[in-house]
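Build out the structure end to end from the sequences listed, making use of the hints.
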Amino acid sequence: MALFELQNVSKHFGGLQVVNDLSFTVEKNEIVSLIGPNGAGKTTILNLITGLYKSDAGKIVFDGHSLSGMEVHQITRLGIARTFQNLRLFLNMSIIENVMSAAYARTHANWFQIIARTPGFWKEEQRIRQLAEQKLAFFGERLVGYRYDQPAYSLSYANRRRLEIARAMMTEPKLLLLDEPAAGMNPKETQEVTQLIGQLRNELDLTIILIEHDMGVVGGISDRVIALDHGEKIAEGSYEAVATDPLVIEAYLGRNENVGRK
Amino acid sequence: MSRDKIGVDQWVEQYDQRVSRAKGIQGFIEQTSRRLPVWGWLICLVVLGALLPVATTNSFAIRIAGNIALMGILALGLNVVAGYAGLLDLGFIAFYGIGAYVYAYLSSDFTGIHFPTWATLIIIVVVSTLFGLLLGSPSLRLIGDYLAIVTLGFGQMFVQLTTSLTRVDLPGRDKPVDLTGGPNGIVNLDPLSIFGLKATTVVHYYLILLIVFAISILIIYHLYKSRVGRAWRALREDELAAQAMGMPNHRLKLQAFAIGAAFAGFSGGLFAAWQGSVFPSNFDTTLLITVYAIIVLGGLGSLPGVVLGAVIMIAVPDILRNAPLAGTLFYIGVIVTLFSVIKPRWQAIVLIVAIAIFGFILRAVLVGANPDAFTTLKPVGALISDTVRSWLPIPNNAMVVGNYGFAILIILVLAVSRIKRPLWRLAALVPTLYLLLFVWETRLVAEPSITRLLFVGVLLIVLMIYRPNGLLGQRRVEIA
Chain A
62 MALFELQNVS
72 KHFGGLQVVN
82 DLSFTVEKNE
92 IVSLIGPNGA
102 GKTTILNLIT
112 GLYKSDAGKI
122 VFDGHSLSGM
132 EVHQITRLGI
142 ARTFQNLRLF
152 LNMSIIENVM
162 SAAYARTHAN
172 WFQIIARTPG
182 FWKEEQRIRQ
192 LAEQKLAFFG
202 ERLVGYRYDQ
212 PAYSLSYANR
222 RRLEIARAMM
232 TEPKLLLLDE
242 PAAGMNPKET
252 QEVTQLIGQL
262 RNELDLTIIL
272 IEHDMGVVGG
282 ISDRVIALDH
292 GEKIAEGSYE
302 AVATDPLVIE
312 AYLGRNENVG
322 RK
Chain B
3 MSRDKIGVDQ
13 WVEQYDQRVS
23 RAKGIQGFIE
33 QTSRRLPVWG
43 WLICLVVLGA
53 LLPVATTNSF
63 AIRIAGNIAL
73 MGILALGLNV
83 VAGYAGLLDL
93 GFIAFYGIGA
103 YVYAYLSSDF
113 TGIHFPTWAT
123 LIIIVVVSTL
133 FGLLLGSPSL
143 RLIGDYLAIV
153 TLGFGQMFVQ
163 LTTSLTRVDL
173 PGRDKPVDLT
183 GGPNGIVNLD
193 PLSIFGLKAT
203 TVVHYYLILL
213 IVFAISILII
223 YHLYKSRVGR
233 AWRALREDEL
243 AAQAMGMPNH
253 RLKLQAFAIG
263 AAFAGFSGGL
273 FAAWQGSVFP
283 SNFDTTLLIT
293 VYAIIVLGGL
303 GSLPGVVLGA
313 VIMIAVPDIL
323 RNAPLAGTLF
333 YIGVIVTLFS
343 VIKPRWQAIV
353 LIVAIAIFGF
363 ILRAVLVGAN
373 PDAFTTLKPV
383 GALISDTVRS
393 WLPIPNNAMV
403 VGNYGFAILI
413 ILVLAVSRIK
423 RPLWRLAALV
433 PTLYLLLFVW
443 ETRLVAEPSI
453 TRLLFVGVLL
463 IVLMIYRPNG
473 LLGQRRVEIA
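Chains A and B are the protein sequences, given in the same order.
Reminder that position 26 of the first sequence reads as 87 in our numbering, one-by-one numbering, no gaps.
Reminder that position 123 of the second sequence reads as 125 in our numbering, one-by-one numbering, no gaps.
Don't read these hints as lab results, they were simulated from the structure.
No false leads were slipped in.
As a list, the in silico SDA-like pairs of lysine to any residue whose alpha-carbon atoms are at most 20 angstroms apart: (1) B:227 with A:192; (2) B:227 with A:152; (3) A:294 with A:69; (4) A:115 with B:242; (5) B:227 with A:187; (6) A:89 with A:282; (7) A:294 with A:313; (8) A:294 with A:310; (9) B:227 with A:211; (10) B:227 with A:178; (11) B:227 with A:212; (12) A:89 with A:265; (13) B:227 with A:188; (14) B:227 with A:180.
Right, dumping it as structure tokens:
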């Protein structure tokens with residue numbers, strides 16, 4: 062059975078049908094890219110999966126659980142983590158705290174332990190501190206050492222994206238949803254991110270759904286690509302197949318009126 | 003606590019050496035204060051605080067200090083709700099009132115119940131926490147302004163109910179029952195009694211409050227540096243992202259609300275015991291504003307800020323009642339402000355000299371023209387104040403002129419703030435500051451009750467301009 066499945070999901074805002082009867086599955090350990098022009102409904106799908114929006118119709122199944130009616134944090138607990146297209150870090154908290162805070166659901170120190178600072182509290186605190194440092198070390202030397210205690214707002218745009226990925230990793234997800242992880246990065250950094258996504262999948266046994274406009278990233282890493290337009294799936298398959306699909310080209314570039322006349 | 007040095011390269015390792023350190027005594031203090039753990043600070047606070055009753059027997063000073071500690075405990079609770087969790091709770095004082103009234107019910111002849119202090123205090127914490135949960139669970143679904151409105155209503159409701167529940171028909175009673183004592187409150191409460199020792203003097207209460215304050219800071223600090231504290235702050239920063247990272251937003255907010263209510267209730271109980279009585283008017287909006295001013299002044303979410311904020315907001319208005327002390331502090335404050343705001347420094351000196359000369363000339367002209375219209379003020383017994391008083395031309399109807407002077411002063415201040423050119427502004431400051439001194443001596447120092455409100459207002463306005471994050475607040479950015 063597939064790890065994740067979207068079954069005939071629809072969502073509209075007022076009169077606008079954003080996602081229309083969409084179905085797809087994601088197998089374990091797969092990297093699936095969602096592509097499509099702006100407004101195709103890609104981010105809406107992530108918001109539906111993580112519970113920020115409630116779908117009008119259809120069913121979302123993850124790891125044997127139906128996600129309908131669950132709260133956002135419950136869905137995260139099941140093992141789905143995400144990053145945000147427009148960066149939602151805890152800007153006034155330190156870098157290490159940003160990451161450590163995401164371990165909330167997996168930590169259990171109670172009020173008494175916290176206030177009395179019992180050995181159990183320290184053990185847990187140390188454990189998640191080390192875990193957080195490990196997650197940050199994933200990005201080489203950019204987010205480690207003296208950086209731990211700097212506020213998140215002091216980071217550059219690219220590092221903020223990295224920190225968001227580290228924070229999402231801290232929830233120990235099985236399925237990671239990345240919303241434009243390479244946006245705002247230069248070509249070299251984009252290449253790095255591409256590599257990193259592959260590494261996450263291979264080393265940590267993750268399943269990844271990726272939204273990305275940079276076709277270099279999409280082509281370089283996806284096992285499968287799903288192209289969307291107006292909330293509907295217009296093509297699905299390998300990158301090469303989707304990228305040359307006439308419907309996809311039309312969605313991005315529009316129909317070439319002159320072709321018919323000649 | 004040893005840590006794995008993951009990914010620490012040479013550049014990172016040498017970070018400590020590259021940071022410049024101050025030398026000598028200043029460096030020593032910096033180093034020590036950085037290494038001192040929180041309980042170290044708290045022991046310093048308690049020891050220094052405990053020296054006060056040794057140093058002075060002035061019960062007025064000790065009462066102020068006790069009040070600082072009491073308001074500090076209250077502000078610590080609000081700091082959790084508003085500073086950490088970012089909830090604008092305007093009904094906070096009601097929990098303080100609930101704590102105080104529970105104390106009154108359980109230790110007075112009003113109900114005829116006299117519980118031991120420890121039992122009363124435990125019940126207070128439980129009851130105020132329950133009320134916190136009761137108010138919190140429906141209203142915390144509201145966001146921002148709506149939460150503020152609902153909680154404000156709750157705070158008002160508390161005052162209204164305690165004032166008016168004097169004739170309530172209860173089932174099983176023939177006559178209406180007085181539940182709260184109305185505006186006359188509940189009086190003759192039992193004093194605090196710990197291990198059989200009764201707290202009777204101001205010094206006793208001061209020491210109890212000081213210790214409770216220190217312990218409260220420690221508890222709140224421990225919460226701050228824990229999974230719960232991190233989650234609260236994450237919620238404040240970005241509720242949606244916090245949820246998406248697995249934090250149960252509603253439950254966490256409720257916990258913050260309940261913790262705040264518990265601290266408020268506890269401090270309310272101590273207040274009732276200290277005052278020996280409770281009245282509805284003890285819990286009005288003025289107190290709410292004071293407590294909010296404490297945490298905003300100190301820096302929202304900052305623990306040292308709460309201590310500093312409480313000292314300033316409680317001590318200064320009380321000091322204003324003492325004319326010689328108030329005068330000295332006022333002039334020191336003006337001079338310090340001038341030297342810290344006006345750069346380069348020599349301009350500040352020039353300004354002060356210019357004001358002095360301006361004053362002499364004005365005095366010579368005015369008194370020379372009509373000597374009968376001027377008089378002298380009684381000396382107050384403080385060097386600077388008396389010097390200024392003999393230098394100012396004081397008209398016979400000083401009060402009336404002072405009122406006009408005050409109105410003109412406000413206009414002048416507004417005008418000065420609009421002047422862009424530095425030298426023009428400096429020149430315009432001469433008559434403005436002169437008028438300020440005049441108004442201070444003729445009007446403000448004579449009426450501390452008004453002056454303290456003005457002081458709070460001016461302080462907050464100046465703070466908003468120069469340090470929008472409070473005195474000890476960390477830098478906060480709100481950009482997305």
